[in-house]
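Make the full structure from the sequences, and use the hints.
Below, each chain spelled out in residue letters.
2 protein chains.
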Amino acid sequence: MSLIVQKYGGTSLASIERIKAVAEKIKKIKDDNNQLVVSVSAMSGETNRLIKVANQIHNNPSVREMDVLLTTGEQITISLLSMALHQINCDAISYTGPQVQIITDSKHGKARIKTIQDHKIRKSLAENKVVVIAGFQGVDINGNITTLGRGGSDTTAVALSATLKADECQIYTDVDGVYTADPRIEPNAKRMNVVSYEEMLEMSSLGSKVLQIRSVEFASKYKVPLRVLSSMIEKPKGTLITDEENIMEKVLISGIAHNKDEAKLSLINVANEPGTAYKILSAISDANIEIDMIIQGASDNEEMTNLAFTVNRNDFDNAKEILKRIGNEVNAKDIRYDNKVVKVSLVGVGMRSHTGIASRMFKALHKENINIQMISTSEIKISVIIDEKYLELAVRSLHDAFKLDMIREDNF
Amino acid sequence: MSLIVQKYGGTSLASIERIKAVAEKIKKIKDDNNQLVVSVSAMSGETNRLIKVANQIHNNPSVREMDVLLTTGEQITISLLSMALHQINCDAISYTGPQVQIITDSKHGKARIKTIQDHKIRKSLAENKVVVIAGFQGVDINGNITTLGRGGSDTTAVALSATLKADECQIYTDVDGVYTADPRIEPNAKRMNVVSYEEMLEMSSLGSKVLQIRSVEFASKYKVPLRVLSSMIEKPKGTLITDEENIMEKVLISGIAHNKDEAKLSLINVANEPGTAYKILSAISDANIEIDMIIQGASDNEEMTNLAFTVNRNDFDNAKEILKRIGNEVNAKDIRYDNKVVKVSLVGVGMRSHTGIASRMFKALHKENINIQMISTSEIKISVIIDEKYLELAVRSLHDAFKLDMIREDNF
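Listed in order, the protein sequences are those of chains A and B. Residue numbers for the first sequence follow our numbering, beginning at 141 and rising by one. Residue numbers for the second sequence follow our numbering, beginning at 141 and rising by one.
Misleading hints may appear alongside valid ones.
[Claimed, not checked] Quick list of in silico lysine-lysine cross-link-like pairs, DSBU-like style, CA-CA up to 30 Å: (1) B/K192 with A/K247; (2) B/K192 with A/K160; (3) A/K192 with B/K192; (4) A/K250 with B/K263; (5) A/K247 with B/K160; (6) A/K160 with B/K247; (7) B/K400 with B/K330; (8) B/K260 with A/K260; (9) B/K263 with A/K247; (10) B/K330 with A/K160; (11) B/K168 with A/K192; (12) B/K361 with B/K254; (13) A/K263 with B/K247; (14) A/K192 with B/K160; (15) B/K165 with A/K192; (16) B/K247 with B/K192; (17) A/K260 with B/K254; (18) A/K192 with A/K170; (19) A/K167 with B/K170; (20) B/K247 with A/K260; (21) A/K250 with B/K160; (22) B/K400 with B/K160; (23) B/K363 with B/K377; (24) B/K377 with A/K250; (25) A/K254 with B/K160; (26) A/K165 with B/K361; (27) B/K260 with A/K247; (28) A/K263 with B/K250; (29) B/K170 with A/K192; (30) A/K529 with A/K480; (31) B/K247 with A/K167; (32) B/K192 with A/K168; (33) B/K254 with A/K263; (34) A/K254 with B/K260; (35) A/K192 with B/K167.
[Said to hold, decoys possible] Looking from chain B toward chain A, a few residues come up when the C-beta cut is under 10 Å (computed): (36) I156; (37) K160; (38) V193; (39) E205; (40) M223.
Just so you know, the hints here were simulated from the structure itself, not pulled from any lab data. C-beta atoms are modelled at their ideal positions from N, C-alpha and C, and glycine is treated no differently.
Right, here's the structure in full:
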């Protein structure tokens, strides 16, 4: 008998019919001699509806009261899903986050799970019940209701898996796993059977929206085998995310991630002296703008340097205003702005042992006349910033250059 | 400084605008140097919406899961009302039933409050906050979410008042107090300034829908001064419900209650021997049908008797079927059914010390040629069953006969 923790997102539970379909799926897996703990999100659209109502009452609602409001979303789903299971003669019981004592810190709206009490869950499992738990929510030590922030129900599922030492944590979503590239861009993209935590972390941070990055960090820390599957198809295979050492057949490059939300800002010819970069970048950080890639390089004058960095496009206008002010202070010769750039990244643990990946990547882009504006590397990824008009071309030519369509989908 | 507990029902909170209006009302009372604890219901319509959704999933949903589902209704209201208070600079904090540990028994859907922990409420009051508490809900000793049943938020408010020893418990509703008769029937009906717990209990049980009977019982037991007021008008006076001994100027008759939901069933000429009434009435009770009035009287044969009783009209068809079966067993000569009857009742503590009330009542009805089909009396009320076509006439002629329009509205 295996203990499986599953998570169903809001899209999978968006209607009465879908809730019933999820119940059928759960019953099948339980009847296959498994113990099941299921963590659920609010029905798709519900959270946005509640936020809209709150904003009609207060222009900046209290974060504590927002958490009280939003957690009703999953509370509705856990009861409805339990009823749907009862209807098909599958015993089930629901618990809210506070009920199973998913203890978090007190940072409303973005709380972090500290501990989970397992005795209620264990007791209900022993009674042969499917345990349905509200994702995304918890309670602080003073009994205040908290939320983990958007996408937090992935984290709930992983934390439950770690606490219960589950055999597998299955995240049901609207895509059937992690692909070698976005299939909407590269029709030859292949589903990966298996990928390491580290690669998945890079993919998430580089723009792949399959999993919340925090849930991957959590899974990696507690070695929870994590599987991403589609709730929309009959027998999904999905992608297993696991420890690198559990992966037998290592591939050089796992996949290509991209991020369209990039914007680039550059200061030309600022004083090449200690403190300049700090002065500029701290002004940006102070405005709560997250800086992604940074490069600093030579200019045509030895005493001068150029500094370029990228931010999320949502922060572009703000960053621009700050730079206009700071640019004068540091006597920048010129300031350039570009919010028509994207980031394309190669990810793969194979890079550790193989050299020449970067040059193969640059060669492939050069062949298509794609100019590389910025480069950033880590142990298992290489990212480049390019003009957004080349996004599709870059993804496809890299997919082709590294023969990612040759990955066999059924080798695990 | 007074400590006031208030309760706002679903109609008072049915829209964003009404929630804002309630917040304004609360702020004014707080600014008048009062401490405030506010208990709220779900927004009008929300509970029915959730029940409808549940019934689309399960034809007989688990009562435990229904409670998990329905309690989201008040959880939404407490957060929204708190935000509305914040918006007008009135500090406030929300608590769900489980959060303040409103401990109930485990009877889902109709739980009874056992204890309430007051330390969180006291602490928040000391911090000068309005405390907004979800009515209608609690938690059993095993941490299961429970509900008190429909109208239960009145009971929550009274229980909070008893626990906190509040100076007054104010129930805001859509009528401005308790009237000497239904103003839709008797235009001369007057609002009572004050009425005793006992009278209010009789009125509630006799069909007045102003207050849940259980909340009045609770108030009576713990001597909580209870005031019913309208949330729709600017400076409502309402009706104070209090201990009989606090009422200075006693009136003979307080008011006239009526109930349109009556149906009468009679067995003619059944054996006048021990066990006959038991046999008949237990068959009705076993079907979970509540019997209201019962009379047994002589028939034209000494060994025979007639038995008549009333039930709620919703139960009429069921009761009829049972009686057809039982009627044969007890050899009833005839069985008669009438679901076109109503109950009209006179209520007043003055009856205790004055005789002749009944004869005055019967005389007034006789004068209008209204036939009395059944009579039932208690220490402070007299009820009669009459043909429903005489309802309005009976209420008006009794109101007139006992000069109830002479009660002064402002003497308390």
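Structure-based check of each hint:
{"no.": "1", "hint": "B/K192 with A/K247", "in the structure": "36 Å, violated"}
{"no.": "2", "hint": "B/K192 with A/K160", "in the structure": "16 Å, holds"}
{"no.": "3", "hint": "A/K192 with B/K192", "in the structure": "24 Å, holds"}
{"no.": "4", "hint": "A/K250 with B/K263", "in the structure": "26 Å, holds"}
{"no.": "5", "hint": "A/K247 with B/K160", "in the structure": "27 Å, holds"}
{"no.": "6", "hint": "A/K160 with B/K247", "in the structure": "27 Å, holds"}
{"no.": "7", "hint": "B/K400 with B/K330", "in the structure": "21 Å, holds"}
{"no.": "8", "hint": "B/K260 with A/K260", "in the structure": "25 Å, holds"}
{"no.": "9", "hint": "B/K263 with A/K247", "in the structure": "21 Å, holds"}
{"no.": "10", "hint": "B/K330 with A/K160", "in the structure": "54 Å, violated"}
{"no.": "11", "hint": "B/K168 with A/K192", "in the structure": "27 Å, holds"}
{"no.": "12", "hint": "B/K361 with B/K254", "in the structure": "14 Å, holds"}
{"no.": "13", "hint": "A/K263 with B/K247", "in the structure": "21 Å, holds"}
{"no.": "14", "hint": "A/K192 with B/K160", "in the structure": "16 Å, holds"}
{"no.": "15", "hint": "B/K165 with A/K192", "in the structure": "24 Å, holds"}
{"no.": "16", "hint": "B/K247 with B/K192", "in the structure": "22 Å, holds"}
{"no.": "17", "hint": "A/K260 with B/K254", "in the structure": "23 Å, holds"}
{"no.": "18", "hint": "A/K192 with A/K170", "in the structure": "38 Å, violated"}
{"no.": "19", "hint": "A/K167 with B/K170", "in the structure": "53 Å, violated"}
{"no.": "20", "hint": "B/K247 with A/K260", "in the structure": "20 Å, holds"}
{"no.": "21", "hint": "A/K250 with B/K160", "in the structure": "28 Å, holds"}
{"no.": "22", "hint": "B/K400 with B/K160", "in the structure": "36 Å, violated"}
{"no.": "23", "hint": "B/K363 with B/K377", "in the structure": "20 Å, holds"}
{"no.": "24", "hint": "B/K377 with A/K250", "in the structure": "46 Å, violated"}
{"no.": "25", "hint": "A/K254 with B/K160", "in the structure": "37 Å, violated"}
{"no.": "26", "hint": "A/K165 with B/K361", "in the structure": "52 Å, violated"}
{"no.": "27", "hint": "B/K260 with A/K247", "in the structure": "20 Å, holds"}
{"no.": "28", "hint": "A/K263 with B/K250", "in the structure": "26 Å, holds"}
{"no.": "29", "hint": "B/K170 with A/K192", "in the structure": "28 Å, holds"}
{"no.": "30", "hint": "A/K529 with A/K480", "in the structure": "8 Å, holds"}
{"no.": "31", "hint": "B/K247 with A/K167", "in the structure": "28 Å, holds"}
{"no.": "32", "hint": "B/K192 with A/K168", "in the structure": "27 Å, holds"}
{"no.": "33", "hint": "B/K254 with A/K263", "in the structure": "26 Å, holds"}
{"no.": "34", "hint": "A/K254 with B/K260", "in the structure": "23 Å, holds"}
{"no.": "35", "hint": "A/K192 with B/K167", "in the structure": "24 Å, holds"}
{"no.": "36", "hint": "I156", "in the structure": "5 Å, holds"}
{"no.": "37", "hint": "K160", "in the structure": "7 Å, holds"}
{"no.": "38", "hint": "V193", "in the structure": "7 Å, holds"}
{"no.": "39", "hint": "E205", "in the structure": "4 Å, holds"}
{"no.": "40", "hint": "M223", "in the structure": "4 Å, holds"}
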